[in-house]
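Starting from the known structure of chain E, arrange chains A and G with the ligands on it as the hints suggest.
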Amino acid sequence: MSTVSMTVNGKAVCGEVESRTLLVQFLRENLGLTGTHVGCDTSQCGACVIHVNGKSVKSCTMLAIQADGADVTTIEGLADEAGLHPMQQAFMDNHGLQCGFCTPGMVMSALDIVNRNGNELDESTVRKELEGNICRCTGYHNIVKAVQAGAKAMGGS
Amino acid sequence: MIENGIGASVRRKEDQRFLIGKGNYTDDINVAGQTHAVFVRSPHAHAEIKGIDCSDALAAPGVVAVLTGDDLAADGIGPLICGVTVTSDDGEPHRAPAHPALAQGKVNYVGDHVAIVIAETRAQARDAAELVDVDYSVLPAVIDTGSAADSGQPQIHEVAPDNVCYNWPFGDKEGVEAAFAGAHKVSKLDLVNNRMVTNPMEPRAALGEYNQGMDEITLHLTTQNPHVHRLVLSAFNQLAPEHKLRVVGPDVGGGFGAKIFVYAEELVVGWACRKIKRPVKWNGDRTEAFLADAHGRDHVSTAEMAMDENGKFLAMRVQTQANLGAYLSTFSTMVPSYLYAFLLAGQYSTPLIYSEVKAVFTNTAPVDACRGAGRPEATYLVERLVDICAADMGLDPAEIRRRNFIPVDAFPYQTPVVQCYDSGDYPAALDKAMELADYSGFSARAEEAKSRGKLRGIGLSSYVEACGIAPSAAVGQLGAGVGLWESAQVRFNPTGNVQVFTGTHSHGQGHETTFAQLVCDQLGVPIENIEVIHGDTARTQFGMGTYGSRSLAVGGVAIARACDKLIAKGKKIAAHALEAAEGDIEFVDGNFSVAGTDKAMNIAEVAFTAYVPHSYPEGVEPGFDENAFFDPTNFSFPAGTHICEVEVDPDTGVVEVVKYSAVDDFGRLINPMIVEGQVHGGIAHGVGQALLEGCSYDSEGQLVTASYMDYAMPRADNLPSFDIDYAPTNPPDNPLGVKGCGEAGAIGAPPAVINAISNALGVRHIDMPATPEAVWRAAQQAAAVSA
Amino acid sequence: MYEFNYRKVDSVAAAVEAMQQAEDGKFVAGGQTMLPTMKHRLASPSDLIDLGGVAELTVVNVEDGNLTVGAMTTHAAVAASAEVQRAIPALARLAGNIGDPAVRNRGTIGGSIANHDPAADYPAAVIALGATVQTSKRAIPAEEFFTGMFETALEEDEIVTSVSFPLPEAAAYMKFENPASRYAIVGVFVAKTGGEVRVGVTGATACAHRGLLLEEAMGGELDASGIDSVELPVEQMNSDIHASAEYRAHLVKVMTKRAVEACR
Ligand SMILES: Cc1cc2nc3c(=O)[nH]c(=O)nc-3n(C[C@H](O)[C@H](O)[C@H](O)COP(=O)(O)OP(=O)(O)OC[C@H]3O[C@@H](n4cnc5c(N)ncnc54)[C@H](O)[C@@H]3O)c2cc1C
Ligand code: FES
Ligand code: FES
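Chains as they are written, first to last, in this note's numbering: chain E, 1 to 157; chain A, 158 to 944; chain G, 945 to 1208.
Rather than coming from a laboratory, the hints here were simulated on the basis of the structure. These figures come from a predicted structure and were not determined experimentally. We treat Cβ as the ideally placed atom computed from N, Cα and C, and that holds for glycine. Fair warning: there could be bad hints in the mix.
To be verified - Derived coverage of chain E by chain G (criterion: at least 3 residues anywhere in the stretch with Cβ under 8 Å from a Cβ of chain G; other residues may be distant):
1) 13-23
2) 39-50
3) 109-117
In isolation and in its complexed conformation, chain E is listed as follows (with noise of 0.2 Å):
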């Protein structure tokens, strides 16, 4: 066993963990994060999607350990006081969700996508972007409605 510490959705935590402990593991049994969800055993599905040091990652493909001092970002760190971040709520007017497992990754890889591409996207960008996401519920028709509202949302327009 090992400590590690970073900082989750801006407050420091510390953890023990095996080394090989998934940082999806770490966030959801040692946290008790469990918005953060896993789809599939090959690295695929994208529910586990979260963010570390401002980049998105497949939390069930990289060990705790590896994020020893880094900052990571959950579905649990969006909204605020004020209410829904913007993509959030792009995906409910938008009715981009319905089981809501795929979800969070979702919301989370969409912000990187507007992170990486601004806040005007195409709709073969945000489906080619979507490529390491998958839904089983939604067709993705409203996914990438709710994708592209909301990056433009971000924008503050």
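Chains A and G with the ligands alone, transformed into the frame defined by chain E:
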């Protein structure tokens, strides 16, 4: 007009918690003292178990228990059951081999359950599971659907000679034969309905807790129907008496059928937590979902249509071999029989239909309902065959459909295959869809595509399905072990807010919103004051759960009925308070008023009065809380036309869906936003089946497509945005005028896609999934023929 | 995953030393292949030596007509690098199409070529561009580096430190994706460097290789007119549920033609 009532695209109430990461899925729940379970699964498709040595596993760090089929048998638990009887052609019920939850002497598919290892951590359980030493003697396996019943095949179950579960002929054989003999033309098609892995994104999980003081078990499960789970686990599997077993289906991350069934893991976890007197948690991973979730589809069929000289359908004949896998899953038997053959009329007035279904066992995972269940198989067969008929008659695919549609004035329409369609206007949906798809502009688009070296094709699919499952008397006659009514309770609290308890279960469908809208509309209570509660046998009276697009059409009506009762009672209370005759009380938009006066009180005040009955009508019970059950008198029959347009790259065989238009009749829409989302998801599922998803076993019975590395799930870049519209009719049998929309897309889409590809390539048929290689080969052949 | 010793190092020398001390050590770079493999218990190293903190492995520069990319440069960094986009835009595009954005944020060029998945993208580029793989011990020419399926010329304790690509006059990569995994069923990288045309092929066979028959048919020019008549050895092609050997052979030619087209 009521805000947020019927017809409004109200934002979903459930979204808040999902969006901030506060959903409560089974794996999110942890309890003090919890242990973790891992299942030892068979690596072989078919093998005898000579012995199991658990000693090394038991000695491994953190291990609490290792239990096998012997322990289960000793405690008299199980076996798993199949709840629907199909009578075979010899007059006997279908062959039902024993289905132990942990193998007893034999394993029958890769992934079959052999033992459960329970340890302090999941990692320890997994480490120890590798130490369970199972001595297998491998037997030859039966894998292929089409040849499973051939002579000389290995036998899987003694009770099922030739691996046949049932032979089920249905319809007027002689009449059909006579019609074929006198036909102007017969069109014929061999086709395969590919096996799918249902793949809700949340893998299955179970958490069992035993309360020794109360002698009670609580099971949190990824279930679409907690009460059905409780009933089966209790009545048939001897887990615990119903009143000592609580089943909770918390937030569930998609189901699509896969979470209807009672699985081995669920029973074993429930049993084990009592045995070790500690909570036991099992969380399946995706590999286990591929291996051991019930799969869907898997038919091999021949279909024939007899026509007159105008292309009128005279009779249809179908032969289907359906794979049920190694054991019978909970509802498996009814899928290729009642849910399939009864839909073979499609949207057409074909007067005579005869089908023969042979259901077979193979050494593969059990096969059961998957989004659509039987209806996608029927629709695919009919709508492919109709396109073949059009080609053989030299008619446009739209024209041959039009000539054979059940006329609008023929509803309710009794088909030759049991079902009596409630309402429909098939030409209207076709016309609207053709307009939406700009059907008439297709040839210009095809020309333009050609100039870019692409082959463009267009395909129609005019489907009808039966949902709103189901009238209990009808399913009882057919051999179902349960009734399929639904229950509801609508409870006012003294302060005027409302709790709605439903026996249906939401795992993405948005019931917490739609049902609240229903109540809001009927009772005039603001939607934020209404809470819909589902998924817990300890909170709702009973219910049959959610599948077969039944929740609104059946469960919604039960809620409306409970609301009716509240209004009737409220009138009595209001009449007393307002000093008027009960007959003079009107109820409009949440207010009880005395007709022709301005004397009124709102429903919250009535509720308060009912709980604080200081001045109260004589003979009326206090309280404002009503129950209702609803048993439908008929199925409901959503229908529509979907039109798919594709572009094929003939050099690589890659198919791009460039345009997809759907016009559906779901009756009345309560929340159009949610309905549209259901249609999108269904279409994606159907396009997935047509283009991407092919579950495949090798000849030894190893699952080749056991992960997303090999099983292609539809992703955002595989799909276009969809054009959706409606052509509603008013179903007379449903009190709310609703039909059901959850499966339509998955039913309508596959033939639309394959018809479009066949059209693009100019070929008669291509099997699903139409992978790039398959399409490339078909394009090569078509080019060779035309050269 | 089995338990292991986690070793974080900050220099190549320390990494090599850690490896030499380990009973059965493995390096981990982005972990995008290593960790899934360990999760499935298909690898069980005693020690996992994390190259994540080795700063010297993340250089990207152009010097003396060579683009050098440090082994720990992520796919995302290569795709977004202005330097790479200027020097070899086809390489930036290739990197930007590996896996998905989250995978690209972790996965590295060193890990990709050291792993040598027969369906990986980078090997085609490394071969077609005539790159040199720099390791902690030596410089290995591309064609000697990839030796077989999941096999390379690397020794146990040898670390890829960077890959040096001579700058081409023209280059393009065409990938035919596996519909499920999105790896390459076939990927063809065509490059013209110093007047010579080279073709690198991945996905088609057990080992990424130079498409000598295709190069011959092009006669040293970016001219695809002779590609159709090339007879590729179908019996050497991979075959699986996604693509038969015959189809793969066909796709190699189609992707070659498209890559040549994209070069012009
Ligand atoms: C969902 C998904 C999709 C993917 N799609 C693609 C794709 O389309 N195309 C593609 O090419 N790849 C794809 N990959 C693989 C991805 O590119 C990996 O990042 C890459 O193959 C391995 O790089 P890594 O840095 O993650 O290496 P690791 O996983 O850390 O290591 C891989 C192997 O290389 C060794 N190694 C790593 N670095 C070095 C070094 N510097 N010196 C010596 N040995 C080293 C390790 O010991 C290990 O054996 C995909 C991966 C995932 C999870
Ligand atoms: S759980 Fe991480 S990608 Fe699926
Ligand atoms: S909303 Fe259910 S998987 Fe995406």
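So, going through the hints one by one against the coordinates:
{"no.": "1", "hint": "13-23", "in the structure": "holds (count 4)"}
{"no.": "2", "hint": "39-50", "in the structure": "holds (count 6)"}
{"no.": "3", "hint": "109-117", "in the structure": "holds (count 4)"}
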